[in-house]
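Asker: Spelled out, the chains give:
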Amino acid sequence: MGEFGIGQPVRRKEDVRLLTGGGEFTDDINLEAQVYAAFVRSPHANAKISAIDTLAARSMDGVIAVYTGQDLVDAGVGLLINDANYTNRNGKPMHKPTRQVMPVAQTRFVGEVLAMVVAETPAQARDAAEAVEIDYDVLPAIASTAHALDEGAPLVWPEHGENLVVHWEYGDKDDVEAKLAAAHTRVRVDLVNNRLIVSPMEPRSASAEYDAASGSLTVYTPSQGGRRLQMMLARGLLKMAPEKVRIISRDTGGGFGIRSKMYPETVMVAFAARALGRPVKWRGDRSETFVSDYHGRDQINVAEMGLDASGRASVLKVETLLNVGAYLSENGVRLPMEGGGRIIPCMYDIPDFYFSVKPMFTNTICTDTYRGAGRPEANFIMERLMDAGAKALGMSREDIRRRNFITEAQMPYKTHLGFTLDSGDFDGTMQMALDAADWTGFEARRAESASRGKLRGVGLATFIEGAGSRPVEGMRMRFEENGDVTLFAGTYSHGQGHETVYAQLVNEFLGVDFDKVHLIDGDTATSPETSNGTFGSRSSMVGGMGVKRASEAVIAKGRKIAAHLLQTEAERVVFENGVFRAQSSSVTLAEVATASRDASKMPEGMALGLDESVVFENDVENFPNGAHVCELEIDPETGILEILNYVAVDDCGVILNPFIVHGQVYGGVMQGVGQALTENVVYDASGQLLSASYMDYGMPRAAHMPMMEALFNVVPAKTNELGVKGAGEAGACGAPPAILSAVGDALSHIGVSHIDMPLTPEKVWRAIQEASAVKAA
Amino acid sequence: MDIEVKMTVNGKAVSGKVEARTLLVQFIREHLRMTGTHVGCDTTQCGCCVVHVDGVAMKSCTMLAVQAEGKAITTIEGLAGPDGELHPMQQAFRDHHGLQCGFCTPGMVMMGVDIANRLPGADEKTVRHQLEGNICRCTGYQGIVEAIMDASAVMNAARS
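Chains as they are written, first to last, in the working numbering: chain A, 1 to 777; chain B, 1 to 160.
There could be a bad hint or two in this list.
Straight line, CA to CA, 30 Å or less: simulated DSS-like cross-link-like pairs of lysine-lysine [as the list claims (entries may be wrong)]:
1. B:K17 / B:K6
2. A:K763 / B:K17
3. A:K454 / B:K17
4. A:K718 / A:K557
Covered stretches of chain A (chain B as the covering partner; in silico rule of three or more C-beta atoms under 8 Å from a C-beta of chain B) [as the list claims (entries may be wrong)]:
5. 3 to 16
6. 260 to 270
7. 374 to 382
8. 682 to 695
9. 703 to 709
10. 748 to 759
Treat the hints as calculated values from the structure; they're not laboratory data.
Note that the coordinates shown come from a computational prediction; the quantities given were computed from them, not determined experimentally.
Virtual Cβ for every residue (Gly too), placed ideally from N, Cα, C.
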């Protein structure tokens, strides 16, 4: 409806405060009489802790308390848990070591929190943290994904006897091997999916205060929704009643998956605030977040595909190694199976599939969900295989994809591991991207680059996602006396613009002015009981449908009240544009809301008020998909790669606000560009993190991309009434394979077949040099 | 040993006693309790803390408070008009979706104003290069670059 309804490029409500310094990020909040925390972190990747001496630290100026792991054990603080449950084919369960908030006996990664100092000022806390003396017996460590399963590798959990968490398998290996051997053409790719630092711009932080009189604890922290954190902190860790623990996130500076997790520092700040009866505040340094925020990706994949002479693929084998770090984080170990595995073979119809996943422990911080959470890895595998298949058969990259796409006629289409794809026009979406990028005119541009001594390539990647995970979410709608409408959501906007989009939906469904709709999220005291938060590109569906369901309930109730006011039957009342009408008489929604507060104006037996609280529940996700084309140029003299043109075509179903969805695409693509070109986590052999600051870790900058073109091929989702498909993670799925495809196109004629990400100038230059040397020999 | 510092922040004279090691950003955030200027790293890479010192963009995490003695500081809170009217750069960020989570935004906007002041009419490549010292993880920079170019034109027109 109108300029603020569904599909309109409405400017964001949240912008004015964020643009004028009015944001309220966790470190912006100061509590009366607060004291400050600093953490002592392990400098070793693997070491027995033989003694912790806190005496000197305790006697320093301003120091209020020093806590170690033993204090938590003594106080009965619980463990950080993981509830994954995979088994080996022989029935042996996965290895699930326990994780203490601060370990007492042994540290297993650099940066692990071993002690906490609380002092009157941040500087005093820091100074005293340096005075905590810890005696270590340093042990050999292992950080390498490629070598952690080697015979004789140092063991992270020696009592387990190996670093393998579990060997999880799907499908019949022998049968798939036989079919691969019998295939007309068999292609193989060996891929490193590089480990990444997630790096939302707001460093991790937490503040907590405890009210002894009521026994209630309030924790301020960046998050992706507080309800799950509240349950974990209350029930599992601090052994409090959940209603006595409140989690507040006012503004959060980016999430990308890692903010939905519980971290030791958050537990410690809350613990200390309760123990000391004073508010405790901590803001992590960027260096601290580098070593202790969960990392992303870190897989090694070997995949093989068998094709017939026409390019039709019929058999697929994927073997995945996943580095989970020193412990099991909440979701890390699940990602190849439940994140990526459910979507494999992605857009393609491949009947035979064997899948092996070997998650492994290493002496590194845990990996966990990062934008896409398994799906970028899955799509990367399939897209590299398709390019390899095209090359082996001498086909074009678009033709081999076309030959294997799941078609709309095949939908609903069930994937091997249990997704049911409902909609998508894969060929049409790809064609839009090819057309927008002038794919057929490329050779002339390649020749032009060649005339300048540059190697030009064009790449294509298609991808599909599963979005909207855990599709259960509550939504509350409250009618204010001044006619405003307030939504209380358990989803939590940390950059996605929910304040704007939900207001558009209320405007669309109820005709309430966009400016009169408000959103309150990020507070467990007011959010719906049933709430999971914002992750996995779920909020457009679960939050949007929550608004729709609440609106429908309000209209149903409103029709009864309007009928009473207009002295007719509810069946005769229609609701349109914010007005209830029965023939020539009418009453507005605002009038109905006012009447609903007055028993004398209400139908008999109806409860007062128009407010609604609903739970939207779905049994299925939605499946955003798309096609990206990347064109780039490589300078063979320096290995420097420049992206010249980038086209992204996305099918994210019905677009609620194109302005915001474009932003999601641009941001997702840039994170994919970062993974492909500059970002890489490097641990040395002893488990020291070498890429531990923005000086050493290549965050993508503005100059890494030209203006990109983002287009939509709207195919409404059939899995929800809004027709939406989550838009948040698509870009990160499409960009790495599109870039690798382009580099392959630029360099294959000189004999370079594959370069592992990130494609730094040095790596590209070396690959060119080595290929040239081979050619010359 | 505390040292007395005096400076002007957003046109207002301020003073305070600070430790010698206090950074300008700490003085702004912790002493003045103006929290629009953010701290996103500890190695002067991210640019979340950019303010103007005597009209020039400066990373306030890379300057001691005592070095700002007698200087005129402008922070994100001082950019909009007295009646709350957004500065053309702020307006352009809104119009081009140049922000998502909003954390890098104050630094980006202050840097954008500086770019527009120093390099009126800068082309896209120049603007992208000038943003080398400002990191954004959400937007992919596209809206930011568009906003700076757009606001730069508006500011240019207002000057002539």
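Asker: Take a quick look at whether K763 (chain A) and K17 (chain B) sit within 30 Å of each other, Cα to Cα.
Answerer: Roughly 51 Å separates the two Cα atoms, so the pair is violated.
Asker: Tell me whether the statement that chain B covers the stretch 3 to 16 of chain A is true, taking a Cβ distance below 8 Å and needing three residues at minimum.
Answerer: Since 5 is at least three, the answer is holds.
Asker: If you draw a straight line from the CA of K17 (chain B) to the CA of K6 (chain B), is it 30 Å or shorter?
Answerer: Since the Cα atoms of K17 (chain B) and K6 (chain B) sit roughly 9 Å apart, the hinted pair holds (cutoff 30 Å).
Asker: For K454 (chain A) and K17 (chain B), compute the direct alpha-carbon distance and say whether it is at most 30 Å.
Answerer: 58 Å, violated
Asker: Are there at least three residues in the stretch 682 to 695 of chain A whose beta carbon sits under 8 Å from a beta carbon of chain B?
Answerer: With 3 residues close enough to chain B, the hint holds.
Asker: At a Cβ distance under 8 Å, does chain B reach at least three residues of the stretch 260 to 270 of chain A?
Answerer: Coverage by chain B is violated here, the residue count being 0 at a Cβ distance below 8 Å.
Asker: With a Cβ-Cβ cutoff of 8 Å, does the stretch 748 to 759 of chain A contain at least three residues near chain B?
Answerer: Violated, because only 0 residues of the stretch 748 to 759 of chain A bring their Cβ atoms closer than 8 Å to Cβ atoms of chain B.
Asker: Would you check chain B against the stretch 703 to 709 of chain A, counting CB to CB pairs closer than 8 Å, and say if three or more residues qualify?
Answerer: holds (count 5)
Asker: For the pair supplied as a hint, K718 (chain A) and K557 (chain A), confirm whether the alpha-carbon distance does not exceed 30 Å.
Answerer: 28 Å, holds
Asker: Three residues or more, CB to CB closer than 8 Å: is that satisfied between the stretch 374 to 382 of chain A and chain B?
Answerer: Check failed, 0 qualifying residues.
In the structure shown, a violation is registered for the earlier hints numbered 2, 3, 6, 7 and 10, in ascending order.
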